[in-house]
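S.K.: Let chain A serve as the given structure and place chains B and C on it in line with the hints.
Chains as they are written, first to last, in the numbering used here: chain A, 16 to 455; chain B, 0 to 175; chain C, 461 to 679.
Some clues are possibly wrong.
[As the list claims (entries may be wrong)] Covered stretches of chain B, as calculated for chain A (at least 3 residues, CB under 8 Å):
| no. | region |
| --- | --- |
| 1 | 37-50 |
| 2 | 100-113 |
[As the list claims (entries may be wrong)] Negatives, chain B to chain A, calculated, CB over 12 Å:
| no. | residue |
| --- | --- |
| 3 | TYR11 |
| 4 | SER28 |
| 5 | LYS66 |
| 6 | ASN84 |
| 7 | VAL85 |
| 8 | GLU88 |
| 9 | THR150 |
[Unchecked claim] A few chain B residues that face chain A, going by a derived Cβ cut-off under 7 Å, partial list only:
| no. | residue |
| --- | --- |
| 10 | GLY92 |
| 11 | ILE93 |
| 12 | VAL96 |
Please keep in mind that the hints were generated in silico from the structure rather than gathered at the bench. Quick reminder that beta carbons are idealized off the backbone N, C-alpha and C, glycines included.
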Amino acid sequence: MHGKESDTRPVDVKKIRELLDANNGARIRTWLSLCSRCGLCAESCFFYLAHDRNPKLSPAYKFKATLGELYRRKGRVDREFLYRCADIVWGECTTCKRCSMYCPFGIDVATLIATTRTILYSQGITPEGLARAVVNYRETGNQMGMSSEDFVDTCEWMAEESQDEIKGVTIPIDKAGAKYMYTVNPREPMFYPQDLAMAAKILTVAEEDWTMPSTGWDCTNLPMFAGDRALAGQVVRNMYEKAVALGVQAILITECGHAYRSALFEGPYLAGYPDGKPPVPIVHSVQLFYEYLRDGRIRIDPAKKLKEPVTYQDPCNVSRNGGLWEEGRKLVQFLAEDFRDMNPNREHNHCCGGGGGYIPMGPEYKARRMASGRVKAEQIRATGAKIVIAPCHNCFDQLSDLNKEYQLGVKVMSLKEILCEIMIVPEKFQPQEAEREESD
Amino acid sequence: MYQKILFCADLYASSDYAFAAALDLAERSGAELIILHVLESRHRYSGHVITEDGETWAGPEVFEKLKKKLREYYLIRIEREDPQNVRVEVRAGIPWVEICRFARKEKVDLIVMGPYTIHDPKAPLDLEKPHLGQNAQEVSLRAPCQVSIVTSPKQRLALEKAGEFPREKKRKRTQE
Amino acid sequence: MQAWYAFLTGPALWVTFTIFLGGLGIRLAFLYGLSRERDRVFYNHMDWKWGLKSIFHWLIPWGSASMRLQPVFSFVFIVFHVGVLAVPLFLSAHNILWDRAFGVSLWSMSDAWADGLTMAVLACGVFLFVRRLVRPEVRILTTAWDYTLLGLTLAPFVTGFLAYHQWGPYEWLMVLHVLSAEILLILIPFTKLGHMVLFFFTRAFIGFEMGGRRGARAW
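Okay, chain A solo, but in the shape it has when bound (with noise of 0.2 Å):
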């Protein structure tokens, strides 16, 4: 890990010791004293599959040589042994949850390798793609450090372009009142505007009531996967007082699992809502696109339907962590003419090896992300389809990465590119032929 040799910093055990006793609830203690070493777990984990089932692999033996160790030795324990238990949390675990489906007492493995990443991150030990991300949220809010000001400029300028091709797009920023709050992932005003593009012709075509707010609109949480509990919450309070301020109806969450998981399932708790629940609903793309095609509020030209064998990546948080799994394949559905399912899938997918903050882990853990997403690559092949459709940023970019190291020859896309591509746009929404050349 970065900067393992040149950390000569004390170990704080006092600081461990309090991370410990705050921990040490029922269900910890229950889950560390009770796990019987039986074993079964280790099939169900990606990193031991795909690793020629190297026992250090196996769920069990990741929390037992970490959080359990760091239990046993009551914090006492030093700098070799943190940077060693960082190996295993962070770059052998993505805290995918499939193991607590595959135990026996249903461990919930993913929290205590969470509570490892904090006790680590109080001891300033973090992957530097992380401990970055962490500045940048503390700063401006956002994982990418993108001014509010420079989000609200991309938001027009795609709405501008757009508007070439379907007629009266806008992107209203803060409207008080809408039924949905957009939120996104800056990778898409940073790296991809065309996305903010695409959402706002499908909301548009669907003649949604929504608004995207020009603050707390990133729905990311890396501090949740850097390990630093506090500012997760933080992070998660601003869009949900964000969305509270502004009165509206939902929080519509963009193409991006660990959001949804964050919104909606830890995000509560981080934030500390006594009850574990948001103060306002949150829907994902997938069940609202889902929704769309349902209802007919959007339609899809039969002709362009795609015609290519097309296949469903679950991310975990969308599908197992989040329930959206049949929402998603009816989804595809209406999309795609030869749907073929990957193997295992729904609930018990598995995860690409992107997940957990694995993929803004940054270039340092690739090698290794390439090679625990070999079980990935390997199921992507089986299918025989040329299309995987990811309706996560995070998986979408670890398919793409595993489709050039494996040569899968395959196009991965987001849902909002292929609705775009294939939706019927209404007469209304067509521009006309003279404002058409105006804009050419």
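M.R.: Same frame as chain A, but now just chains B and C:
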């Protein structure tokens, strides 16, 4: 005529001709010349960028170092002794996105850039390659202002010379 | 020897039951108190339908994807658990003792069945022992204490089996039988064997968490 001219520097000699054109236009119209280089994000998910020293995280030091280099490289090419109306800017991200964003924000009147980057001037040209690189293509489609893509006459010459090469390659393929 | 036997089946037995039940009770009460304070997530999303389904699918043979993935191990695992619970509870000799002491008894199985199940438990125990040694992913997790607990779990069965067949010194075997069973019962509340009750809570939780909140089957 023009108030602000944006020259997109790719740090390769292949865009020198475009710079000469931008400078000429700026001097003639008394416009401000902005030299912008975008450090390309290697991975579209982190602040990691490609620099001449390899991959690194974009940060103030990296930006300052590059600005200094840009000044050294381009200001020599300006004949006037004390060029006042020239500014050097550095951004990180996807080049065409940042160029368009910058042009909108600064309300520039004209963007001047080369058609595409030639990383290795000795490499034979591939005629099957599109005549515009992705950045030139996207910028010319999406920019809020005029865009001038300037090719060097040498490049055209090189294209003619290299003309035989791809055809030969094709012939070989059919023989097989 | 007689005195030893009388002590073990008299006062020692009372102490054992007190520690066993009291220990489990205290452990549960302690965890309950702790959870009220620190594990709100357990109570916030309670959903009995999902909790019970989550338990049920791990109680029935091959009821979970995980068990189906390793059918042989699951078979052994099931037989082992059934035997470990059924033999001591439904052995006729035990029930006679219950009846004599308290005038109540459970249904009892035939001795042939008990004998067969005991052998099955012992065979499963050996399998589990060997599995711990040969499967790398299990060996790496296993500690000496895991072997010890497995040995202690099997000890009452070995001694009971030998005593029943009158192989070896009967009186000695009976003393060892009762003693090992008492040690085991005393250990249950304080070790991973506590899963005999805590299993229901952890499984219910993952049922709430995956099923109740997300609709995902945790089995």
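S.K.: For the region 37-50 of chain B, do three or more residues have a beta carbon lying closer than 8 Å to a beta carbon of chain A?
M.R.: holds (count 8)
S.K.: Hey, does TYR11/B actually stay past 12 Å from chain A on C-beta?
M.R.: At roughly 22 Å from the nearest Cβ of chain A, TYR11/B sits farther out than 12 Å, so the non-interface label holds.
S.K.: The output says ASN84/B does not contact chain A. Does that hold with a beta carbon cutoff of 12 Å?
M.R.: Holds: least Cβ distance 25 Å, greater than 12 Å.
S.K.: Does the claim that THR150/B lies outside the interface with chain A hold up, using a Cβ gap greater than 12 Å?
M.R.: Answer for THR150/B: holds, closest chain A Cβ roughly 24 Å.
S.K.: Given ILE93/B was flagged as interface, is its beta-carbon under 7 Å from a beta-carbon of chain A?
M.R.: 5 Å, holds
S.K.: Measuring Cβ to Cβ, find out whether VAL85/B lies farther than 12 Å from everything in chain A.
M.R.: 24 Å, holds
S.K.: When the nearest CB of chain A is found for VAL96/B, is that gap smaller than 7 Å?
M.R.: 6 Å, holds
S.K.: Could you check that no beta carbon of chain A comes within 12 Å of the beta carbon of SER28/B?
M.R.: For SER28/B, whose nearest Cβ neighbour in chain A is about 26 Å away, the distance exceeds 12 Å, so it holds.
S.K.: Okay, the region 100-113 of chain B and chain A, do three or more residues pass the C-beta test at under 8 Å?
M.R.: holds (count 3)
S.K.: Taking the shortest Cβ-to-Cβ distance between LYS66/B and chain A, state whether it exceeds 12 Å.
M.R.: Label holds. Min Cβ-Cβ 19 Å, cutoff 12 Å.
S.K.: Classify the label on GLU88/B as holds or violated, using whether its beta-carbon is more than 12 Å from each beta-carbon of chain A.
M.R.: Answer for GLU88/B: holds, closest chain A Cβ roughly 14 Å.
S.K.: Measuring from the C-beta of GLY92/B to each C-beta in chain A, is the shortest one below 7 Å?
M.R.: 6 Å, holds
Figure legend: structure checked against the earlier numbered hints; every hint is met.
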